[in-house]
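Protein chains in written order, with our numbering: chain A, 1 to 338; chain B, 1001 to 1409.
These are computed hints drawn from the structure, not numbers from a lab. Glycine included, every Cβ here is placed at the ideal spot set by N, Cα and C. Heads up, some of the hints might be wrong.
[As the list claims (entries may be wrong)] Straight-line alpha carbon distances no greater than 30 Å define the calculated BS3-like cross-link-like pairs of lysine-lysine that follow:
hint	chain 1	residue 1	chain 2	residue 2
1	B	K1200	A	K47
2	B	K1095	B	K1323
3	A	K46	B	K1200
4	A	K3	A	K266
5	A	K266	A	K239
6	B	K1095	B	K1366
[Claimed, not checked] With the Cβ distance kept under 8 Å, some of the chain A side facing chain B (calculated, not the full set):
hint	residue
7	Y48
8	G49
9	D51
10	M66
11	G74
12	R102
13	A106
14	I123
15	G125
16	G126
17	G142
18	E163
19	D165
[To be verified] What the simulated footprint calls covered on chain A by chain B, stretch by stretch (three residues with Cβ under 8 Å from a Cβ of chain B suffice, anywhere in the stretch; the number is not a length):
hint	stretch
20	59 to 65
21	311 to 318
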Amino acid sequence: MAKMNMIQALNSALDVAMENDPNVLCFGEDAGYFGGVFRVTAGLQKKYGLDRCFDAPINEAAIAAMAVGMAAKGLRPVAEIQFADYIFPAIDQIVSEMSRIRYRSAGQFTQPIVVRSPWGGGIRGGQTHSMSPEAFFTHVPGIKVVIPSNPYDAKGLLLASIESDDPIIFFEPKRIYNGPFDGQADGALQSWANHPKGEVPEGHYTVDLNKAEVVREGSAVTVVTYGTLVHVALAAAEKSGIDAEVIDLKTLTPYDIETISDSVKKTGRCIVANEAPRTSSFSAELAAQIQEDCFWSLEAPIHRIAGWDTPYPHAHEWSYFPGQQRFINAMKSVTETV
Amino acid sequence: MATSQPRYRVPAPKFRPGDEPDFSDLKLQPAGEAKRPGIDCSWKDTVDHATGLVGALDHNHQAVGEWNPELDPDTLREGLRHMVLTRVYDERMQKLQRQGKMSFYMKSTGEEAVSVAAAMALRDSDMVFPSYRQQGILFARGRDIVDMMCHCISNSRDNLKGRQLPVHYTWAEGNFFSISGNLGTQFPQAVGWAMGARYKNEDQVTASWIGDGTTAEGDFHGALTLASTYRAPVIFNVVNNQWAISTFQGIAQGDAPSLAVKGLGYGLPSIRVDGNDFLAVYAATKWAADRARAGHGATLLELYTYRAAAHSTSDDPSGYRPKEEATKWPLGDPIERLKNHLIGLEEWDEQRHEAMEAELNDLVVKSYKEAESYGTLHDGPLSPVPSIFEDVTADTDWRLIRQRQDLGV
Ligand SMILES: Cc1ncc(C[n+]2csc(CCOP(=O)(O)OP(=O)(O)O)c2C)c(N)n1
Ligand SMILES: [Mg+2]
């Protein structure tokens, strides 16, 4: 075991994958020599050579397409998109190609690809470095979306994703790269050093895709979320004294409906939360499915916490980001309903 | 109301329906004139080629010049046969579409050399990322015709389980990638595949095809950037058949003097080739493949040709171009030209040609009978309904299991 932050854990996952399988390679803008603007690929070019970790031209569509061609040829490319906000130029290659090649070729060609990308808000990044575009991809059959919330899961989920035979969009909550975040803008910076999930095995292990985790057991209300907001929800439960059960989804597609509905049937109340603008965000899918599966156990309407239906603001970031107080208010209101 | 003076230039084709097409001022370099640079050449050595025209069959159907691939008569006859088969197949499938046997069809009439000669110049082990108009590759590589038809009529033996529109073939066994309907996406993918082949220390070359209209897509430029940067063993074929549905090629080309010339800016040797000249297409492809295999990187070939048929069965060209354009096309017809070359060599004659046409026609008719016995889109049997839930991902998760139950299959 070693103490790692999320960047180190992701770097370690790539290192282990590249060590174990010569077909794994990684590339992206600034990902080669320099090791990425967030340093997730640091040291890999030096260790594994120019042709296994390299700089790509600033053309996200071409980066995705290169991965498509390589994967069809039998490699396991890990492509980095510098920020999730810049994944849109690649959307045709991801949505129309990568996600459907297994299906449209009836299994003759497969796409073992990971597209990694730093994601989400809370870093004063303004509208072009803060987006949470996961719902664009959860809407697409044939790709899976994975979002870890801590170093241990980040490494295990990235290794599982690289070993998966299907394309995976792997979003990395950059606000918690260096430490968990309790959702209070002016709070002290935290570190992963004292966090149990900051203990990361150095070698190979995987964390199950398609499995959510109950990260806090409780009886009053179920909070279903992922990424940075997992920590905000946990902090809100402690602060409010409301005995919330918090579920870290980890894999969004396919999401673990069993873990969710077991919990909601127990608590009878549910909050679903994401950073992205509310309308058509992933919480809408969760709310719809939970009411279908758990309607007769629900004692209050499902409550959604989300970003506003505006572009992500810069100066007023903390009025936009679903912080601790919004979780506390929601927990109160949902548990007060008779 | 349209103003009499447009406020910016919108390029227009020379001829519209009712006009008398006349291509006499289209200045095309005569066959035999272009030099053949060494395969280790740089883009600079192809500056003239990018606006010229590499040809090997002259007006008298003689093989001339440095780009004559000097093929033996058996190989030439084989090429002729594949091209005739492609045309016969296209004709038949078009008719069957009109009879409601399939939902859609796309012919490659007039462009058969582009795919057949290229496929013959490549090794069968080389990878191809075609567009929807290179069915000739499949004939040149010997794909079973019944299998091709089963795909087109989406029946129980369609190797794609009825998931793709007709002519969007996939044939992994024949190193033929899955054809996308999204124009141009295969170009940068081909570079990824080519890099993968290098990575695995294989000497496989990758070739891809797009149309003139598709050069306007970002993926064209992304592909050239990647291939130039990583010096990938790939051949970029731009099939300039003059039309992109109803849009003439000038809308994509703009003020560029050719489409090939666009490759020069990426530092890639770029050559315009007479796409209706079987020998020239063969020679240029072979040259580009040798270059790629030797580690000199990518080549851009513009295959200058003419789309003699409608864009697809959903298109009627009489609304946007004169009917006579195809017959007035100065580069003629690829089948006629190769046939006349072989006749000139005294290696072929009209009787043999007619007999071959009849034989291939019978083959296609007979193949269709068999294909139809496995079902048609209209009357079935199709692939089983539950198969729509297969191959989405390797595993089938709870969502698809529930949805299949909802559908009741
Ligand atoms: C991305 C995309 N845009 C538009 C279309 C619709 N479309 C299909 S074929 C075509 C014309 C393509 O022309 P060209 O590239 O010259 O190829 P050709 O059909 O002549 O072989 C268009 C616009 C499409 N299939 N994909
Ligand atoms: Mg065209």
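Outcome of the hint check:
Our distance criterion of 30 Å between C-alpha atoms is met by K1200 (chain B) and K47 (chain A), whose separation comes to about 19 Å. A threshold of 30 Å between alpha carbons decides the hint, and for K1095 (chain B) with K1323 (chain B) the separation of about 20 Å falls inside it, so the pair holds. Of the pairs offered as hints, the one joining K46 (chain A) and K1200 (chain B) holds, with about 20 Å between alpha carbons and a cut-off of 30 Å not exceeded. Taking the CA atoms of K3 (chain A) and K266 (chain A), the gap is about 35 Å. The hint is violated against a cut of 30 Å.
With a C-alpha separation of about 22 Å, the suggested pair K266 (chain A) and K239 (chain A) falls inside the 30 Å cut-off, and the hint holds. In summary, the hint linking K1095 (chain B) to K1366 (chain B) is supported, as the alpha carbons are separated by about 15 Å, within the 30 Å threshold. Taken as an interface hint, Y48 (chain A) does not check out: its beta carbon lies about 12 Å from the nearest beta carbon of chain B, beyond 8 Å. Nearest Cβ of chain B to the Cβ of G49 (chain A): about 11 Å, over the 8 Å cut. The hint is violated.
A least Cβ separation of about 6 Å between D51 (chain A) and chain B falls short of the 8 Å threshold, and the interface hint therefore holds. For M66 (chain A), the suggested interface contact is upheld, since its CB lies about 4 Å from the closest CB of chain B, less than 8 Å. With a cut of 8 Å, the hint placing G74 (chain A) at the interface with chain B holds, because the nearest CB-to-CB distance is about 7 Å. Checking R102 (chain A) against chain B: minimum C-beta separation of about 5 Å stays under 8 Å; hint holds.
Taken as an interface hint, A106 (chain A) checks out: its beta carbon lies about 5 Å from the nearest beta carbon of chain B, inside 8 Å. A least Cβ separation of about 29 Å between I123 (chain A) and chain B goes past the 8 Å threshold, and the interface hint is therefore violated. Because the beta carbon of G125 (chain A) sits about 26 Å from the nearest beta carbon in chain B, more than 8 Å, this interface hint is broken. With 8 Å as the threshold, the beta carbon of G126 (chain A) stays out of range of chain B, its nearest partner Cβ sitting at about 25 Å, so the hint is violated.
A hinted interface residue such as G142 (chain A) counts as satisfied when its beta carbon comes closer than 8 Å to some beta carbon of chain B; here the least separation is about 5 Å, so the hint holds. Using the Cβ-Cβ criterion of 8 Å, the hint placing E163 (chain A) at the interface with chain B is not satisfied: the shortest such distance is roughly 11 Å. Because the beta carbon of D165 (chain A) sits about 5 Å from the nearest beta carbon in chain B, less than 8 Å, this interface hint is met. Counting residues of the stretch 59 to 65 of chain A whose C-beta lies closer than 8 Å to any C-beta of chain B gives 4; at least three are required, and the coverage claim holds.
Figure legend: the stretch 311 to 318 of chain A, annotated as covered by chain B; annotation inconsistent (0 residues with Cβ-Cβ distances under 8 Å, at least 3 required).
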